[in-house]
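Student: Residues 1 to 137 (my numbering) make up the sequence shown, in order.
Honestly, I wouldn't trust all of these hints.
Stated by the list, open to error - Below are the DSSO-like pairs computed for lysine-lysine, each with C-alpha atoms no more than 27 Å apart in a straight line:
1. Lys-25 - Lys-13
2. Lys-35 - Lys-25
3. Lys-25 - Lys-10
Don't read these hints as lab results, they were simulated from the structure.
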Amino acid sequence: MIAHEESVQKARKQHEAYQSPEAVKERVRVRKAEKAQAHSLRQSPGQSQGQARAAARQELLAALGRLSASDRLVRFAVDSLLNIDSVSHDLIPVESGVVSSLDRATALTLLARVGQRKGAWDGLRRALETQLSAGSV
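Given these sequences and hints, build the entire structure.
Tutor: Okay, here's the thing in structure tokens:
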């Protein structure tokens, strides 16, 4: 009987120690730290890929900005891997003089790539259509 009382007292002390405010706070802190670490491990690859894509896009836009307007139009036409939706509107030349410097095949290819896009692309499409209908390209 004494052995049973001792084991009950030991179990009660362990339970009280487990339920003490300090122990509860420590378990909560450890659990939050584990969750935060697991979350950061899940998010790290996606963030680095996203950051790499953003850096590549910025580099591409900078390279396009260094090209002349006519070279930029040729690049838009021939580079099928270039996502023209990601090109900022200030890099899209819509002047008729630039459009008239393109050969007919490049102008037709570019017109097909531009399609029905709006904004500056719409201005470029209209300039291309005007040049193609006039036969000057």
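Student: Is it true that the CA of Lys-25 sits at most 27 Å from the CA of Lys-13?
Tutor: holds (18 Å)
Student: Assess, step by step, whether the Cα of Lys-25 is no farther than 27 Å from the Cα of Lys-10, and give holds or violated.
Tutor: holds (23 Å)
Student: Do the alpha carbons of Lys-35 and Lys-25 lie within 27 Å of each other, as the hint requires?
Tutor: Holds, at about 15 Å.
Checked against the numbered hints above, the structure breaks none of them.
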